[in-house]
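**Student:** With chain B's structure known, arrange chain Z on it following the hints.
Taken in order, these protein sequences are the chains called B and Z.
Start counting the first sequence at 1; every next residue gets the next number (the numbering used here).
Start counting the second sequence at 1; every next residue gets the next number (the numbering used here).
Note that these hints are calculated values from the structure, not bench results.
You may find that some hints are simply not true.
[Stated by the list, open to error] Derived pair list, reagent style EDC-like, types lysine to aspartate or glutamate, alpha-carbon separation capped at 16 Å:
| no. | chain 1 | residue 1 | chain 2 | residue 2 |
| --- | --- | --- | --- | --- |
| 1 | Z | K52 | Z | E41 |
| 2 | B | K68 | B | E3 |
| 3 | B | K70 | Z | D24 |
| 4 | B | K68 | Z | D24 |
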Amino acid sequence: MFEQLHANREAQLALGLVMGIAFGFFLQTGGVTDYDIIIGQLLFTDFTVVKVMLSAVLVGMIGVYLMKGKGLVRLHARTGSVGSTVVGGLIFGAGFAVLGYCPGTVAGAVGQGALDALFGGALGILLGTGIYAAIYPALQRRILGVGTFPSETVPAMLRVNPWMVIVPLAVLILALFWVLESLGL
Amino acid sequence: MDMTPYLAGIGIGVLSWFAFLLSDRPLGCSTAYAQTFGMIEHRIRGAATLEKPYWQKVTPSIDWQWMLVAGVVIGSFLAATLSGEFGLLWVPSTFSAAFGESVPLRLIVALIGGVLMGIGARWAGGCTSGHGISGALQLAVASWIAVICFFIAGIATAMVMYGVFAP
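Next up, chain Z with everything else stripped away, as it sits in the complex:
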């Protein structure tokens, strides 16, 4: 029995205690992307950007959560380097086994998936971290419904991709 996934999950659970206690925030990731887009839009379009209703709701600035996502990149890099798993990769093996080694195809598919997920995360008010872990551990009604919807649509889409479209 491989305990690693359980130990990693326990680590994330304990981490969530500290997030609530020391930062009064739940762990979450998708807002940081919206803040980044808002900061870029602000740089290009100027002050008028901040009058958009969504940027009144979500302030485009670097805050705790933005630093959290930056930290995830660093933490994962450290773990991957220490375990010798770091390596540049363009096309994951499950994808290439089904759809071939084409880098442009993988990038286009990833981009489409990313756009859908960016829209969906903000539409649902959270992602797999914000709803799936933080909201679920608070026993939030919306978060349990959200995570069920994530997996229903995710499983159906993956089945269609790998069952129907894979050559």
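Bound-form chain B, shown alone:
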């Protein structure tokens, strides 16, 4: 439907910028561009990060699967493996706690004036990706392909209609919000 737009490089650069501005606006308004909020989540004293992330997942999931059902969008689920997803995910998580921002929120933190995010975090992430590019050939030979996951998506893995996963997951997310609010968290 929007193939011509997808192929228009200049239009996509402009769309990227506009969507980025909206993304940054929501991240900052939601509070997740703050070191204190992110560390608070990892120490279980603040649940803002979980609330923002799971609200986005809930709304995004329903809309994207509705549009996919009408043939308007296609999924971009990434295949993973133990060697890539689990090992990389654990390294990322350690860095997440040490830095106290993630690659998206560090950009948002820079926007609200956090200089540790600019001169420490963003610079560090930049160097980290460079180190990864250097070690990538060796990792690809030895580790990344170990234990490849059987399917791209959960519904495909369970061999069920996606809505058999979406509806229970939506209920679970709403129940978690209810519990958090009941506990005053």
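**Tutor:** Relative to chain B, chain Z alone:
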């Protein structure tokens, strides 16, 4: 009850619809850092850079996602300015309460965390946006496993930092 985090999350969810529909892309941030490093390396080392296997996989150029991350800085600046929350900060208050006001210490710790996260994000094929939001909303197996690993290691590391090392 503070609805702000939920409303912000709903906004990001709706934004992800437009990213899929208008740009055929999921929201994600960490690739942009790799592209930036690749562009700098290309400028310094020349054409040989592009022969590296990783730069064959990820093209070091300015594209939709790079503009997205640039936009995040602007959008956050706008929101912070409008709400009066903009302010220069070197050491966040939770950090200074535990480890002191030293700017060099905070910068070194942030740099180490950033390096780990840069490596980990590219190793896992995504970050808290690409896996944690975009992948999770697509019900991607790898993304749900990735986000669980992010939080397991993140919680354990934060507990050690603030429980063991904090004076």
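**Student:** Under the criterion that the straight-line Cα-Cα distance not exceed 16 Å, is the pair B:K68, Z:D24 satisfied?
**Tutor:** The given pair, whose Cα atoms are some 12 Å apart, holds under the 16 Å limit.
**Student:** Holds or violated: are the alpha carbons of B:K68 and B:E3 at most 16 Å from each other?
**Tutor:** Holds. B:K68 to B:E3 sits at ~15 Å (cutoff 16 Å).
**Student:** Between the alpha carbons of B:K70 and Z:D24, is the straight-line distance 16 Å or under?
**Tutor:** 15 Å, holds
**Student:** Within 16 Å, alpha carbon to alpha carbon, are Z:K52 and Z:E41?
**Tutor:** 11 Å, holds
In the structure shown, no violation is registered for any of the earlier numbered hints.
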